Amino acid sequence: MDKNAGLKITGAPSLEELHASACYRLPSKDCNKTLAVIECIEGIPCNPCETACPQHAITIGSEITNIPVVDWDLCTGCGLCVAACPGLAIYLKNYNYNEETSLITFPFEYYPLPEVGQSVTMANRFGEEICVGTVLKVLTLKRNDKTAVISVSYPKEFFEDVITMKRLKRE
Amino acid sequence: MSPRLVLAPGEGVEQRMEKREIVVIGAGPAGLSAAIEAARTGAQVLLVDENSKPGGQLFKQIHKFFGSKEHQAGTRGINIGTHLLSEAENLAIEVWLNSEVCGIFNQQDVWIVRDKMHSVTVQAERIIIATGATENSVNFPGWTLPGVMGAGAAQTMINLHRVLPGKSVLMIGSGNVGVIVSYQLLQAGADVKAVVEAAPRLGGYGVHTAKVRRAGVPFYTSHTVLEAHGKEHVESVVIAEVDSSWKPIPGTEKEFAVDTICIAAGLTPLVELSFAAGCEVFYSPALGGLIPWHDEQMKTSVDSIYIAGDVSGVEEASTAMEEGKMAGISAATSIGYVSSDDYSTKYIQIAQRLASLRSGVFGQKRMDAKLAIVNHQRG
Amino acid sequence: MNRIVDHPILGHLEETEMVTITVDGEKIQARKGEMIAAALIATGKQYFRRTIKLVEPRGIYCGIGRCTDCVMKVNGIPNIRTCITPVEEGMVIESQIGVGTWGRG
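Chains as they are written, first to last, in my numbering: chain A, 1 to 171; chain B, 1001 to 1379; chain C, 2001 to 2105.
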């Protein structure tokens, strides 16, 4: 399977498509902030991310099919957009969580949820197992309506590849 | 209602004749929205549904909807459904469940059979048909085996009835229904082995396919299902690549051990009632096939009959609700409950919300198809 | 057991009153008010009926009462759509061949 074949062939956006889109930006290696990363590259009529952000850091505009753009000067990494996006297309990343690891905060709607401190398998856009991460936080707010927001630290070398966690086995 | 043959004393096939101002047929998102909008104007509304519970397909949509705030974006379909039901309750809308509409005569007499035993004819000033759509099928050797079912059937079992129809699934069709149900099957604890799409490109929204892909489910474009195998139930399935004339390419066969095959091959509007009632037919391949012709107010060629939702062309739940509002307010206005100024305001608001939902790369095709209907020069 | 007890969106399946129904002679427990087809799927039933000519197995297909693939004999009456008929205490459900036979036995 050719990972570069693109969104309409493999189901997942290729890195090339992401880098060419208006929404996707990956925080740089010198950046110490946790920032929102959006992978919503098709113009569908949808704007809850814009409405959810308390800092008004995400812009879609009056044409609700516009691709969302995050202003990293305004983004505080609060993660409200992560749960608000109906397409689960937003996560937060920080390259420099600490010396060895990066941070990802992503939406998760499966059972069971992991526990804080648990070692979990992290996956890429194709569901391939990439590395092991450590669960830092599992947020289940009522306002997020059953979309859990999970924070995991993972090895820096997989910074761009990792975007989610492999589902845990049900009993 | 337990099935029985012998009627108790006093029961029988009664012929009752009643009158209502507006009869809405179908209590899915379009019908509920139409009933609510009409009832708000003060019109007398009767909402009829053949099922034992209202909501149509809405209570199976456990994912968050798109759109904007005015479209209730970010809210799960099930919760939108609950809001609609409580609004209908607050307005004390009369609802007849377990009631099948068997015919519409003289463009006004709605023949209803209640609980499979009581026959009632309701003379209506206006009728709003919101009967939705039905799943298409794809036939292949072995498709009659238990375990082969519509994607909607699987969705009904997992989200409404809370049972898993199978543990290991092949999904046929990569439109939004196919990928959303694939995601919901994963949430329910099933394993989706693959999603097969005959076309060279996937049909559903990229954000939907991406969710499924990062759960490890592979997509096979330009592939079709060849045959299903099994003795009493599906045990395996064979797919193959197709060439540009949709013919399977020998040597490209792939076999999967599955116990379930879901078919998500599109929907077809349920138009029999509208056509039997005399509504003019229009052919719209982009919207699912034959539909009743309608104008911008959702009125058909029959002045007393309006339509809304998937029966008027297959789109989404959000457009169904807006069309329902349009039909509801238009019908109520036509019998004098709304001033023409108030109607103009409402009409513009609903039309704008509909246009917004029909924008963008996915919406444009639907927008063009809907425009082709209303612009059609009727004979 | 194919019941979805824990679901990330729908939550935990609440316990409810159970009823006893007989399916092809075997007594099973079902949740009061659930559709017959759901109760059978929960027990892992492989097929619901057989066709008359080729004696082939059939199960659910549309799941919403339109296709009649799921029909079985219920309390002596054949061709009942099990996907839209709720269970009741003491219900007797039997597989049928073809369009089935009327009456018990």
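Treat the hints with caution; some may be incorrect.
Stated by the list, open to error - Pairwise CB distance ranges, derived in the manner of DEER restraints:
(1) C/LEU2013 - A/ASP73: 44 to 52 Å
(2) B/PRO1141 - C/THR2016: 12 to 20 Å
(3) A/ALA5 - B/HIS1118: 42 to 50 Å
Stated by the list, open to error - Simulated crosslink set (DSBU-like; lysine-lysine; CA at most 35 Å straight-line):
(4) C/LYS2027 - B/LYS1167
(5) C/LYS2045 - A/LYS169
(6) C/LYS2032 - B/LYS1346
(7) C/LYS2045 - B/LYS1116
(8) C/LYS2032 - A/LYS142
(9) B/LYS1247 - C/LYS2053
(10) A/LYS166 - B/LYS1254
(11) A/LYS3 - B/LYS1167
(12) B/LYS1069 - A/LYS137
(13) B/LYS1193 - A/LYS3
(14) A/LYS142 - B/LYS1069
(15) A/LYS169 - B/LYS1231
(16) A/LYS142 - A/LYS29
(17) A/LYS29 - A/LYS3
(18) A/LYS169 - A/LYS29
(19) A/LYS166 - A/LYS29
(20) A/LYS166 - B/LYS1346
(21) B/LYS1019 - A/LYS146
(22) B/LYS1053 - B/LYS1019
(23) A/LYS146 - C/LYS2032
(24) C/LYS2053 - A/LYS169
(25) C/LYS2053 - C/LYS2027
(26) A/LYS156 - A/LYS29
(27) B/LYS1231 - C/LYS2027
(28) A/LYS3 - A/LYS169
(29) B/LYS1167 - A/LYS146
(30) B/LYS1053 - B/LYS1346
(31) B/LYS1167 - A/LYS137
(32) A/LYS142 - B/LYS1346
(33) A/LYS146 - A/LYS3
(34) A/LYS169 - A/LYS146
(35) A/LYS142 - B/LYS1116
(36) B/LYS1231 - C/LYS2045
(37) B/LYS1193 - A/LYS166
(38) B/LYS1053 - A/LYS3
(39) C/LYS2032 - B/LYS1053
Honestly, the hints are just simulated from the structure, not real lab data. Because the structure is a prediction, the values reported are computed rather than measured. In this text, a Cβ means the ideal position worked out from N, Cα and C, and glycines have one as well.
Tested hints:
no. : hint                              : result
1   : C/LEU2013 - A/ASP73: 44 to 52 Å   : 47 Å, holds
2   : B/PRO1141 - C/THR2016: 12 to 20 Å : 41 Å, violated
3   : A/ALA5 - B/HIS1118: 42 to 50 Å    : 59 Å, violated
4   : C/LYS2027 - B/LYS1167             : 25 Å, holds
5   : C/LYS2045 - A/LYS169              : 24 Å, holds
6   : C/LYS2032 - B/LYS1346             : 44 Å, violated
7   : C/LYS2045 - B/LYS1116             : 28 Å, holds
8   : C/LYS2032 - A/LYS142              : 30 Å, holds
9   : B/LYS1247 - C/LYS2053             : 31 Å, holds
10  : A/LYS166 - B/LYS1254              : 25 Å, holds
11  : A/LYS3 - B/LYS1167                : 28 Å, holds
12  : B/LYS1069 - A/LYS137              : 29 Å, holds
13  : B/LYS1193 - A/LYS3                : 18 Å, holds
14  : A/LYS142 - B/LYS1069              : 18 Å, holds
15  : A/LYS169 - B/LYS1231              : 30 Å, holds
16  : A/LYS142 - A/LYS29                : 34 Å, holds
17  : A/LYS29 - A/LYS3                  : 24 Å, holds
18  : A/LYS169 - A/LYS29                : 34 Å, holds
19  : A/LYS166 - A/LYS29                : 25 Å, holds
20  : A/LYS166 - B/LYS1346              : 47 Å, violated
21  : B/LYS1019 - A/LYS146              : 45 Å, violated
22  : B/LYS1053 - B/LYS1019             : 24 Å, holds
23  : A/LYS146 - C/LYS2032              : 27 Å, holds
24  : C/LYS2053 - A/LYS169              : 44 Å, violated
25  : C/LYS2053 - C/LYS2027             : 30 Å, holds
26  : A/LYS156 - A/LYS29                : 9 Å, holds
27  : B/LYS1231 - C/LYS2027             : 25 Å, holds
28  : A/LYS3 - A/LYS169                 : 26 Å, holds
29  : B/LYS1167 - A/LYS146              : 24 Å, holds
30  : B/LYS1053 - B/LYS1346             : 30 Å, holds
31  : B/LYS1167 - A/LYS137              : 31 Å, holds
32  : A/LYS142 - B/LYS1346              : 34 Å, holds
33  : A/LYS146 - A/LYS3                 : 31 Å, holds
34  : A/LYS169 - A/LYS146               : 19 Å, holds
35  : A/LYS142 - B/LYS1116              : 43 Å, violated
36  : B/LYS1231 - C/LYS2045             : 14 Å, holds
37  : B/LYS1193 - A/LYS166              : 15 Å, holds
38  : B/LYS1053 - A/LYS3                : 45 Å, violated
39  : C/LYS2032 - B/LYS1053             : 16 Å, holds
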